[in-house]
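Peer 1: Spelled out from the first residue to the last, the chains are:
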Amino acid sequence: MSVPRTILHVDMDAFYASVEQRDRPELRGKPVIVGGSGGRGVVASASYEARAKGVSSAMPTVMALRRCPDATQIKPRMQRYQECSREILAILEEFSPLVEPVSIDEAFLDVTGCERLLGDGPTIARAIRRKVKDALDLPCSVGVGPNKFCAKLASEMAKPDGLAVLNANGLAETLAEFPIERMWGVGPAGALKFRAAGYRTFADLQRADERDLAKRFGEGSVRLKALAAGLDERVVTADREAKSVGQERTFASDLEDPELQQAELRRYAEQIGERLRRHGRMAWEISVKIRTPEYRTFSRSRRLDEGADTTGAIGDVACGLLEEFLRGFSRGRPQPLRLLGVTASALTPKEGPGAQRPLFEDPARERDRRIDRAADSVRNRFGKGAVRRGGPGPSRGG
Amino acid sequence: MKIVCDRSALVDCLALARGVVASRSPTPVLTCLRLHAGDAGLSIAATDGEAGLEIGVGSVEVKEPGECLVPADKLEQVIRSLDGDDTVSLETERTMLHVRGADSHFKIFGYEVRDFPGVRAYPTDLPGFSIEAGSLRKMISRTLFATAVENSRYAISGVLIERTGKKLRMVATDGRRLAMARGECRGDESDFNAIVPGKTLTVLSRLLADPEAEVKVVRQGSLIWFRVGEGSDLACLSSSLVEGVFPPFEDVIPKDHDKRVTFDIGELSSAVRKAALLTNEESRGVRMAFSTSKLTLSSRAPEMGEAEIHVELEKYEGEPLEIGFNPAQLTDALKVIDGTEVIMELKSPNKPGVIRSGNEFTYVVMPMTLG
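Taken in order, these protein sequences are the chains called X and G.
Going left to right, the first sequence walks through residues 9 to 406 as this note's numbering numbers them.
Going left to right, the second sequence walks through residues 903 to 1273 as this note's numbering numbers them.
Mixed in with the good hints there might be a few duds.
[As the list claims (entries may be wrong)] Which residues of chain X face chain G? A partial, calculated answer using Cβ under 7 Å:
1. 194
2. 196
3. 314
4. 362
5. 364
6. 365
7. 366
8. 368
Just so you know, these hints were derived from the structure itself, not from any lab.
Beta carbons: idealized from backbone N, C-alpha and C, even for Gly.
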């Protein structure tokens, strides 16, 4: 048996919407929907006032506004949320060096061994909630458990703006009554399958035959038996870095002009490149995601011989992949597309551990780098939209 | 065309030719093979537009001369499937090819032979050089693996072949490591440099099964030809060259090392392989700590574990040093060296390391920054 651990899961409540309500006090207590507008925009975050009217995230904005016509709709301000997210992480790091951000609005903390200094898990959780409230005026929910899985279950129980604890003692019995929908990785569709196979609660999973699970739901589901009993060995790793950086967009109307498609990819490359450079990462694999009007989705990727963090290099590869795809898919003829996306993955540090310098200096990439540096510094001073590269695009005059 | 062939000889040639054709192409004839039966026997031609191969098939009885153009993969699958037959008969009917075994009859729909772009004939009147197949094959295996998947600003998707008098050098790099093989050749005075695409060399390497066969190499403009063997087994491979500039590779081969160590290849390979087990995508580096009598390799993969491997050193010259390498890049080189000893030359943790095997193989690899 390993040493008993104390893990916290901190989850911001309706994060984007809460940030907006904080920044614009006139919205407090009112329904707020943060999400894309236009025909295909979806809800990224909804305040609890909007949720009460049946709005949920990922719902098309159009539908959300039908359900909650008096909601204020706000376009996402990602940069603002990123800033807040960084401030929250800074607060969490005061409590433990082992903070693992999971996404922009949630993180795990391992506070094992902090009892003497800071108190037990629930005490630390209360302190975190108070500090986040005082410093940032944002609500969050905190779950305390003996491992990541339980901490996350607890934070879900705590929502909104609360605190919940799952104790290691009698854990399996406590979890037994949980419905299958609460299981990690089981979505609504998965839940139907599990229910059809007779797995309705965690208790059913606790009793499950691993071979039966593997046969019905794949090898990956075997671990669900242990999770259902509240057993989870995954560690909280502070130095976990983003595995990929991506950007995608569904177009308000299908995009057919090849030049505009490429311009769109280069725009994502700009944003991805900027993020990679800010975090000192190089990407060794670039993929593009392509969705046709018939909702067929394709993905094409390429391993790079040389790590890329320049807008130019990422854009070149992404455009090349799209071109290659279209050559095969539509014989190179213009093809309307519903969605385009770019992802940079297989990230390694540019400097520091794991970095490998090139044998040869590269004059062209050196020029790309200079352009990127200039663009990044303008962006830092004047904001995100301040600079965009030339090239075909709707914004360019004739 | 009507011929009877030895099935296994035909399968071998089809497999070679299949290496050239385009796997998918909007131009269907580029996925096809042209079979030509005449006085000289049967020859198979294939091209993807860049490279072209014409190869003679031994043990063929030509009953009626003629030609056909049929999809490469289907023809190969069909001939391969007739594994109970020693011989197969091929007969054309307009663009269709009948393939008959003892108990089987296939009709494969083909194309008009005149639509085939053809392969460039070997220019017998041009100067060139010759080399033994075994020696060329070794040089290819020692360089091809280090090519880049695609071009960056330098033309590195192929292998540089550099001929100076009797000396032949082949060099490949992907921008992080560089492999150089040396060999000897014969022939008239016609020094040249050419960057040959990786795919062409992959096909060529397969044509070099007989180590004693003679290979003739001719270059003209942006094209290169390799002619292997003679008589009915003659194979001729032509290819466009990679256009562009090969990086200034001599500048990056370090000459100022002050640490040098001799390894038993098996021992070093095994140690690197072991250390590589506990690396992953994010922490690919293996730490190599050299001291006078010992090398310690260590690796660490977050959420997976750690490894530490010790190797006794008999001959280490220089100050102790700690340097990180990508184990896959070391293994790639160690795999292609024959003999029992390998020399490693080092300078400092941020300077490239060199692996040498005699005068014939030099490998330069950039270190990784250690955590």
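Peer 1: Determine for every hint whether it applies to the structure shown.
Peer 2: Taking the hints in turn, this is what the structure says about them:
Proximity of residue 194 of chain X to chain G is violated relative to the hint, the smallest CB-CB distance being about 23 Å (cut-off 7 Å). Checking residue 196 of chain X against chain G: minimum C-beta separation of about 30 Å lies over 7 Å; hint violated. The beta carbon of residue 314 of chain X is positioned within 7 Å of a beta carbon in chain G (closest approach about 5 Å), and the interface hint is therefore held. Because the beta carbon of residue 362 of chain X sits about 6 Å from the nearest beta carbon in chain G, less than 7 Å, this interface hint is met.
The restraint placing residue 364 of chain X at the interface with chain G holds, with a minimum CB-CB distance near 5 Å, inside the 7 Å limit. The criterion of a C-beta within 7 Å of any C-beta in chain G is met by residue 365 of chain X, whose closest approach is roughly 6 Å, and the hint holds. For residue 366 of chain X, the interface hint holds, since its Cβ comes within 7 Å of a Cβ in chain G; the closest pair sits about 5 Å apart. Proximity of residue 368 of chain X to chain G holds as hinted, the smallest CB-CB distance being about 4 Å (cut-off 7 Å).
Hint compliance for this structure: hints 1 and 2 are broken, all remaining hints hold.
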